[in-house]
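From first to last, the protein sequence lines stand for chains Z and U. Residues in the first sequence are numbered consecutively from 350, following our numbering. Residues in the second sequence are numbered consecutively from 350, following our numbering.
Check each hint, because a few of them may be wrong.
Given that identical chains are not distinguished, each listed pair holds provided it fits within a single copy or across any two copies.
To be verified - Quick list of in silico lysine-lysine cross-link-like pairs, DSSO-like style, CA-CA up to 30 Å:
(1) Lys-692 with Lys-750
(2) Lys-647 with Lys-750
(3) Lys-450 with Lys-750
These are calculated hints, taken from the structure and not from any lab test.
There are 2 protein chains.
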Amino acid sequence: MDLTDIAALAQPTGEKILLLVLDGVGGLPLEPGGLTELETARTPNMDALLEAGGAGLHVPVATGVTPGSGPGHLSLFGFDPLRYRVGRGALAALGVEFPLKPGDVAIRGNLCTVDDRGVVVDRRAGRIPTEEAGPVLELLDGIRVPGGEVFVRPVKEHRFLLVLRPDETTEADIADTDPGVTGLPPLDVVPGSPGSEPAARVTREWLAQVPEALTDQPRANMVLLRGFATLPDWPRFPDVFRMRSLALAAYPMYRGVARLVGMDAETVEDDPAALVPALRDRIDDYDFFFLHVKGTDKAGEDGDFERKVDIIERVDEVLPALRGTGIGVTLITGDHSTPASMKNHSWHPVPFLLHGGPGRGHRSEGTAGFGESECARGSIGLIRGCELMPLAAARAGRLVKFGA
Amino acid sequence: MDLTDIAALAQPTGEKILLLVLDGVGGLPLEPGGLTELETARTPNMDALLEAGGAGLHVPVATGVTPGSGPGHLSLFGFDPLRYRVGRGALAALGVEFPLKPGDVAIRGNLCTVDDRGVVVDRRAGRIPTEEAGPVLELLDGIRVPGGEVFVRPVKEHRFLLVLRPDETTEADIADTDPGVTGLPPLDVVPGSPGSEPAARVTREWLAQVPEALTDQPRANMVLLRGFATLPDWPRFPDVFRMRSLALAAYPMYRGVARLVGMDAETVEDDPAALVPALRDRIDDYDFFFLHVKGTDKAGEDGDFERKVDIIERVDEVLPALRGTGIGVTLITGDHSTPASMKNHSWHPVPFLLHGGPGRGHRSEGTAGFGESECARGSIGLIRGCELMPLAAARAGRLVKFGA
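Produce the complete structure using the sequences and hints provided.
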């Protein structure tokens, strides 16, 4: 089922959908037969939704594959991440919320150190601190070139974002200039297609001015470029599902991915309780709401089982207030698993619960509460992450019959 | 997820993976509500791995499709058998372990009987016994033709393997010469593409000499050819997963399929206990080990429920010794089901268990032991056979994150 098929079935209704993402919520027990973070958390409100709703596990990308945040969220938005691929440069732009336009070329940059022969001696400029990198990157942002505009934005430490906005239409099939090892000079800018020549020209013009701009810098005296990418030309989520769509997220990356598929996006405080007034304020203006909670993933990456449990419980506490704003269909899940025991994203399928839709009914679930084991036995079963949005839309009466 | 995607994520680690294939292990109860062969078998070691690991069922090819040995194993190696198709001639070459080279054309041959007008009167030469066919096939192997080398190898009874090694590069798009019925002469050698003309020419030259070579034979006086195929040009398993890979198998077919995807392969005695010293000898030289047990499938095909149970128990007995050689991740399953009650391969999904990976954790399984019913409720669920290898690789820490 591709997005064109879904768009052909979508119809507007008054039914509002809430996609509540607890980033990295999927987890693992600390010992065999034990409980996961989600199973440990006291979640009476989610449990009640589960009993009256449907549950299952979803695979964000593919079996055995550990998703990054970008692909994990695209999947939740109904975009198969194996088909809808975002270049690394475009992901970097999303991460700092740079307003990328069609035709722009986004690139991941590293400040690096070269010796007087131009040979790379440190690919990360001694992991220069963010505050020290700031003024250096401002110098780079000041470079002007013929053939287009160029923007430089800080990311973290030696990492930055480079965006080209060439006057001519261009592709972005250009090889990395990062040699990947020290002892070599930066590689030439080599376009892989004639259509990428305009971007290659602007890149060369800009690179030619970098040494002079950084001439007084003790260690950050050159740059390496990777992951040339354009903004992908994809269907827009609000058009596919015919819903006015809003993202509420504390972190730029998640607002960025939402904007990438055409949603509006607003910043909220990094606290589950802050989602309630933010949602209440906008409930009449949109049909679909993607709410992002980062804390679960951060606690998982820190290996802090208890903190992850705590954040899940805090989200559960505000759930009735969130739904009370006027939500019809509620989908609660994660973009991937981040088990505290692994301190990292993992490939494990992610539990989800789906509730609501007037007169849409449900099949019976168990009563053990929202958690991995219960979801593995759930009535919806094991599905791909990108199948969740059609399911939520169906519950909201938003997909008409396929075929007569 | 195709193999290119997996290759882009694969990284080497020190973690060794064991794929232990009990050929045709999936089964059926002898009566409704009864136990299958695997459920009947006493398997304390597998049961213990299941409790601390993950379980599920896999579909080797597609729902309702009964796999042959080739596709069943390709699927276990991560190669989707609907996409990676082996021509029947190439499978025949694997089955007799003929060292097929790129550019070779492999063909399944039948000895047949023609009357004095050249009309086929018996398509199988009276099912000529293997020992009687041997000298006839040696005569055929002695034929020399211009334009390339030709090899003839016995298979069983009237069946043989014909391999062409044309001097010129060739394709193998050539129609069968077997008319499929008696009362017609063998069909002409008709290439379906200009690129197949070199192979067609060598075939015609060779066929032209067959009647004279077999002139004294009472019934095997001509041949029929089917399934012209080249060695497929596929990604290599060791490159895709970045593992030095070894197959240990008693039967040539399984070593052949393993070599087809680029593994090394060695012969072991046809006895589960023989696998232990063979694995121990090679444990330091490889990262991945495919161990093949044929007895389960043979017992199933013989309709011998008890013998199948017995062989499963004998494998279970050597499991601790196998794992003790230095295995990190263990995957135990079959390439298809061969229920004793059916005396044949079947389409039923195959139980699997997956264990190990340091610090990778697990979700909890039931405690009913390794078997079809428990696996149907397993935490990993129902997946495709070709998804198993990525899952095993993930557990071994061998797949990096997809997307940032």
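Margin query: Are any of the numbered hints broken by this structure? If so, which, sorted upward?
Written below: none
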